[in-house]
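Turn these sequences into a full structure, and let the hints steer you where they fit.
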Amino acid sequence: MAPADIRQVVLDILERIAPDEDLSSLDDSVPFREQMELDSMDFLDIVMELRKQYRIQIPESDYEHLVTMDSTVAYLTPLLKDAPAPA
Amino acid sequence: MSGCGFAAGPPCPVREPVGTGDGLPPTWFPPVRYHTVIIGAGMSGLAAGIRLAYYEKPVCILERHTTIGGLNSFYRLRGRNYDVGLHAVTNYAPPGTRRGPLAKLLKQLRLRWDDFDLSPQCGSSVVFPGHRIPFDNDFDRFCDNVCDEFPQQADGFRRLVATIDAFDELNLEQEPQSARAVLAEHVSDPMLIDMLLCPLMFYGSAIPHDMDFSQFCIMFKSVFVQGFGRPYRGVRQILKTLVRHYRELGGELKLRHGVREIRVDNGRAVGVVLDDGTEIEAENVLSSAGHAETCRLADQAPPPAPVQAGELSFNEAIFVLDRQPSDLGHDETIVFYNNRNEFEYASPEDPCDVRSGIICSPNNFRYDDDLRLEDGYIRITALANPDYWMNLPDEEYYPAKEAWCERMLLSALEHIPDIRPHIVDTDVFTPRTIRRFTGHDRGAVYGAPKKILTGSTHVDGLYLCGTDQGFLGIIGSMLSGITMANNHLLR
Numbered sequence: 001m002a003p004a005d006i007r008q009v010v011l012d013i014l015e016r017i018a019p020d021e022d023l024s025s026l027d028d029s030v031p032f033r034e035q036m037e038l039d040s041m042d043f044l045d046i047v048m049e050l051r052k053q054y055r056i057q058i059p060e061s062d063y064e065h066l067v068t069m070d071s072t073v074a075y076l077t078p079l080l081k082d083a084p085a086p087a
Numbered sequence: 001m002s003g004c005g006f007a008a009g010p011p012c013p014v015r016e017p018v019g020t021g022d023g024l025p026p027t028w029f030p031p032v033r034y035h036t037v038i039i040g041a042g043m044s045g046l047a048a049g050i051r052l053a054y055y056e057k058p059v060c061i062l063e064r065h066t067t068i069g070g071l072n073s074f075y076r077l078r079g080r081n082y083d084v085g086l087h088a089v090t091n092y093a094p095p096g097t098r099r100g101p102l103a104k105l106l107k108q109l110r111l112r113w114d115d116f117d118l119s120p121q122c123g124s125s126v127v128f129p130g131h132r133i134p135f136d137n138d139f140d141r142f143c144d145n146v147c148d149e150f151p152q153q154a155d156g157f158r159r160l161v162a163t164i165d166a167f168d169e170l171n172l173e174q175e176p177q178s179a180r181a182v183l184a185e186h187v188s189d190p191m192l193i194d195m196l197l198c199p200l201m202f203y204g205s206a207i208p209h210d211m212d213f214s215q216f217c218i219m220f221k222s223v224f225v226q227g228f229g230r231p232y233r234g235v236r237q238i239l240k241t242l243v244r245h246y247r248e249l250g251g252e253l254k255l256r257h258g259v260r261e262i263r264v265d266n267g268r269a270v271g272v273v274l275d276d277g278t279e280i281e282a283e284n285v286l287s288s289a290g291h292a293e294t295c296r297l298a299d300q301a302p303p304p305a306p307v308q309a310g311e312l313s314f315n316e317a318i319f320v321l322d323r324q325p326s327d328l329g330h331d332e333t334i335v336f337y338n339n340r341n342e343f344e345y346a347s348p349e350d351p352c353d354v355r356s357g358i359i360c361s362p363n364n365f366r367y368d369d370d371l372r373l374e375d376g377y378i379r380i381t382a383l384a385n386p387d388y389w390m391n392l393p394d395e396e397y398y399p400a401k402e403a404w405c406e407r408m409l410l411s412a413l414e415h416i417p418d419i420r421p422h423i424v425d426t427d428v429f430t431p432r433t434i435r436r437f438t439g440h441d442r443g444a445v446y447g448a449p450k451k452i453l454t455g456s457t458h459v460d461g462l463y464l465c466g467t468d469q470g471f472l473g474i475i476g477s478m479l480s481g482i483t484m485a486n487n488h489l490l491r
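As they're listed, the protein sequences go chains A and B. Position one of the first sequence corresponds to residue 1 (our numbering), numbered consecutively onward. Position one of the second sequence corresponds to residue 1 (our numbering), numbered consecutively onward.
Keep in mind that the hints were calculated from the coordinates and are not lab data. Ideal Cβ placement from N, Cα and C applies to all residues, glycine included. Treat the hints with care, since some could be wrong.
[Claimed, not checked] Calculated lysine to aspartate or glutamate pairs in the EDC-like style (CA-CA distance at most 20 Å, straight line):
#1 A:52 to A:5
#2 B:254 to B:279
#3 B:221 to B:279
#4 B:221 to B:140
#5 B:221 to A:28
#6 A:52 to B:279
#7 B:221 to B:210
#8 A:52 to B:56
#9 A:81 to A:5
[Stated by the list, open to error] Computed spacing ranges between beta-carbons, pair by pair:
#10 A:53 to B:155: 53 to 61 Å
#11 A:19 to B:414: 29 to 37 Å
#12 A:23 to B:94: 38 to 46 Å
#13 B:96 to A:43: 17 to 25 Å
#14 A:40 to B:417: 34 to 42 Å
#15 B:454 to A:56: 22 to 30 Å
#16 A:67 to B:67: 19 to 27 Å
#17 B:367 to A:27: 17 to 25 Å
Right, here's the structure in full:
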């Protein structure tokens, strides 16, 4: 999957977790928490959704990479390079 | 549902079929081992089940009773629908609210606002001799009402509100502290202290005379800051939504499947034994049966110290009226009353303490399109003595129920119009009824006095959810299941 596809995957997950958020103006370089109502339960859900959809394990020590969209995509790119892009 | 019923995951080998417990031929082929078995299909168990099923964990909820809900349930009697447990959903928030416990809950369960269909209350009050504090779902108005009613206490009350606001009740590492002690630091009028405690104790305290301050903050926010709502269809709306969602996600629910033992091997839970002797293996057991009750189920591994069960329980009389309560001039949703100067929240010596109580009318919510419930309902709830009701022989039990129902009503009539000429049906429950439906010792409605906020027990892989974990109210009980699933079973 290319970084643009990974970004879309993360967006889809955020949309599922927080359906009432407007994600169209999301700034990729600003922490999610500063732009949306996301707490630790929601971050766990991002990790769980990625595990469910792509069978990847993200150890708790790596959660710090999931702060912004840019850092999340950068972290996931090597992990998802062989995964097919969503249809 | 085919095979073992799970949407994904490794194939599950099947074992011998298990009886349904009602004499019918065996139809259930459980997998060799579940990821988690949940004891109890109440709000907390169902919510935990949804989280686990959503993330494809093989999960099964075992419920001894013939119906779901536990403490909060519903039934049909003589052609009418009744709710038990739920007076109102606390933590109300208008549709689309992005913060707060209700929003968090819906997100975690992947449910929509419409799924619970909550309508706000019309307005409630706390009534003590010479004082009345009305409140609705507008917290600023509640604060103004307190300050108008107790002008000398206004500054102290505002300081108390700031203290509550700053308190992090979701921190699971809190040490218990007395709510009365914290209140007394800010408020000097004992009647105001009692009036603030009264609704919160009635709606959630497992401790007589006092509350833990953390529990007080949870209840204060859920009752006064956020407020009350109710689905037009009552608690069945919420329970049916949860069960449908859980089953759609592949979760298994078995009614009439009571757990008689939690199997422990080498200090770790390894499964359960059903009432009929069937053994079910599981990597984890999540129990909403209560702390003391759960320890008893796991008696192969007794706890290091005795665990105290709860003792506070209630009688409730549900009156069906031939008209809406508002037609009789009663518009309030809930009245918390105390007919003496001091409020005593404790298990009474008498069978029932009729000096204080709760009057609830499910008719008095602002339902969409001005919908009205078909019948009028008034529910009156008062503290009861569990031992009295447990030990009464049947021939005395039913007359006693009737006699104390009459006394509860007489006491409540100081606060509502005389409904007696309009009563067309009555149903009464006692601590004995609650024990039968929840399995909680002595019918304790809010569980054990000491909460296990982390949900961990002395047995690995055995966790608690529900009242004895300690999040309160309908929304709290679901958050309890969610939090325990997240913290222990999904990491």
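Hint-by-hint comparison with the structure:
no., hint, verdict
1, A:52 to A:5, "holds, 17 Å"
2, B:254 to B:279, "holds, 14 Å"
3, B:221 to B:279, "violated, 43 Å"
4, B:221 to B:140, "holds, 12 Å"
5, B:221 to A:28, "violated, 35 Å"
6, A:52 to B:279, "violated, 30 Å"
7, B:221 to B:210, "holds, 17 Å"
8, A:52 to B:56, "holds, 8 Å"
9, A:81 to A:5, "holds, 10 Å"
10, A:53 to B:155: 53 to 61 Å, "holds, 55 Å"
11, A:19 to B:414: 29 to 37 Å, "violated, 47 Å"
12, A:23 to B:94: 38 to 46 Å, "violated, 22 Å"
13, B:96 to A:43: 17 to 25 Å, "holds, 23 Å"
14, A:40 to B:417: 34 to 42 Å, "violated, 49 Å"
15, B:454 to A:56: 22 to 30 Å, "holds, 29 Å"
16, A:67 to B:67: 19 to 27 Å, "violated, 46 Å"
17, B:367 to A:27: 17 to 25 Å, "violated, 41 Å"
Of the numbered hints stated above, those contradicted by the structure are hints 3, 5, 6, 11, 12, 14, 16 and 17, listed in ascending order.
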